[in-house]
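J.: Now for the letters of each chain:
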Amino acid sequence: MASLQILLPAAQLAPLDAAYARAKSAKRLVSFMIAAGLVIAVLSAGHVAEIDLTKLWGRRAELSDYIDRAFTLDSGGRVFADPVEWFWNLKGWLLLLLETIVMSYLGTALGFVLGLPLCFCTSSNLTRNPWIRATAKRCLEFLRTVPDLVFALIFVEAFGLGPLAGVLALALHSTGALGKLFSEFVENVDMKPVEGVLASGGGKLAAIRFGVLPQVLAGFSSYTLLRFEINVREAAVLGYVGAGGIGEKLIEAIRKFYYTDVSAILILLIATVFLIDMGTDRLRASLSRSLSR
Amino acid sequence: MRSSRSTFGDLALIAATHAATIRTAERKARQGLGVALVLLTLLVLGLWWIDFGFLRFFAGTGRLGQILWRMLPPSPGNAEHFLLYWHALVETLCIAFIGTLVAAAIALPLGLLAARNVTGSAALHFTLRRCFDIIRGIDRFVWALIFVRVVGLGPFAGTLAIAISNIGSFGKLFSETFEGADPKPVEGVVSTGAHRLHTLRFAILPEVAPVLLSQILYYFESDTRSATVLGIVGAGGIGLYLYEEIRVLEWTHVAFLILMILVTVAGIDALSGIIRRWFIGKRPQRDPRR
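Going down the list, the sequences are from chains W and B.
For the record, in the first sequence the residue sitting at position 51 is 51 according to this note's numbering, with numbers rising by one throughout.
Quick note, this note's numbering runs 1000 ahead of the 1-based positions in the second sequence.
A hint or two may mislead.
[As the list claims (entries may be wrong)] Examples of chain B residues toward chain W, derived with CB under 8 Å:
(1) D1133
(2) P1155
(3) S1226
[Unchecked claim] What follows is a list of derived Cβ distance ranges for each label pair:
(4) W:I267 - B:T1192: 48 to 54 Å
(5) B:I1106 - W:S31: 18 to 24 Å
(6) B:A1194 - W:D82: 54 to 60 Å
(7) W:D281 - B:R1201: 31 to 37 Å
(8) W:F274 - B:E1026: 37 to 43 Å
(9) W:F274 - B:L1249: 37 to 43 Å
(10) W:S31 - B:L1197: 17 to 23 Å
Keep in mind the hints are simulated off the structure, nothing from the lab.
We put the beta carbon where it would ideally sit given N, CA and C, even for glycine.
Extracted from the complex, chain W is given alone in its bound form (with noise of 0.2 Å):
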């Protein structure tokens, strides 16, 4: 079968193979000299993070033996075989668990409330003062940047233990966090709409109700149920620092050496944990589809 190739002549092809050649082999040295650099990166940071991976491999049991004794009760029986015992306080569990699931709602709910007149205030389609603009947009940045258990141990010196510290804790940072997730929606917001309300007569209030809310609800309602998943994920931290929730419970079983009462909270904290990212999702499919109707 002769093949049938159609060749630039030599003389005219050897200039393009060179071309070719020289692009190729500068495209290898930046990717080699990246990889180089990773490698330098990764070994200084290493050696900062005291990273020890034989220390590691010869711990390696005690991983091992942690998982092991987290399910072996005191009597020695694995706690399959007796989950009565293994959750003996299912009941104070289930109601801690309860009121992490509160607080995460609470502050989900205050954030939405604090970062919806923000968002606002940041788009710079609805907001012409660049100063109001500017201060909102700081302020939704500290607010997303300072970690929810900082807030928490600062509320606890503020309002004392318990859970009203964690909630404002949870409150504040996600305002922060949905307040600019918020306004790249509203940034992105058919104007079209606004200005048909403005036409007609409307004031600033009436046209984000009727020109801007209708776009973005959906959008809003979506990233509020992520945000709320989020946070009980933090809610069940903030007991770490007496923020109130199961993570009160939890630090003091992993620092007092109670095993069995480790996996038994985990276990019950993962279910919770799925359950509700489970709930969301369903809910928000059926949201976008009603508001895409």
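Take the given structure of chain W and dock chain B to it, following the hints.
T.: Here is chain B on its own, set in the frame of chain W:
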């Protein structure tokens, strides 16, 4: 009345002709109101549950104001403290960097195995996905506490905690990204008689690489934030100092530490923005879960 009629025409006639539209609109408005009422009731119930009291709230706000006042001016006290904080900050960054990178390196093959369109195995997909879910279900603080027991206090425990919990998140994200890849390039490569691994290298990876990089950068940013608090449980980084200074009520130091964290996070944000634009071009891709 008269003028409104002349402007808007016969309102009754308009209402009659668009009766169906108005009815749906009203129904929707009622539904919305109902949902809002339910949410509000839940809010009030929740506030009652956590013993919310205005007296307590305002007393607390007053104390918070005092604390904020005492934070001024933010200062580390002396140079010795500043050096300690500085070292802890660098440590925090290293924890986040290694934790993210190692997790990405481990999660990449796992994510490939878990992607339905790559391996074509539903069982593998299901098992790995559940494993990722379980890993993600355990908070990184719990991982940190466990690793503190295994390798002792210090940044190594924090790095391991971040790496492990990131493997769960990355595994899920990566496999979803692979599954979302366009099948046409794969078909194209297959049609040239290529091996399966070739389709991976020349069809799937080039398509998803920018998305993966974007996800990794995003996690690096958020891991920096969470590494700043891992120190609370003794897993290294600046959190240890933050925790201690809050406990001994050295508010000017606390304010300085928070400022250091803010500046660092802003710097990381800017840096990852540069890297993103350099590699990917101006295409915003963010993960709403974080």
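J.: Each hint needs a verdict: does it hold in this structure or not?
T.: Each hint, compared with the structure:
no. : hint                         : in the structure
1   : D1133                        : 7 Å, holds
2   : P1155                        : 4 Å, holds
3   : S1226                        : 7 Å, holds
4   : W:I267 - B:T1192: 48 to 54 Å : 50 Å, holds
5   : B:I1106 - W:S31: 18 to 24 Å  : 22 Å, holds
6   : B:A1194 - W:D82: 54 to 60 Å  : 56 Å, holds
7   : W:D281 - B:R1201: 31 to 37 Å : 34 Å, holds
8   : W:F274 - B:E1026: 37 to 43 Å : 39 Å, holds
9   : W:F274 - B:L1249: 37 to 43 Å : 40 Å, holds
10  : W:S31 - B:L1197: 17 to 23 Å  : 20 Å, holds
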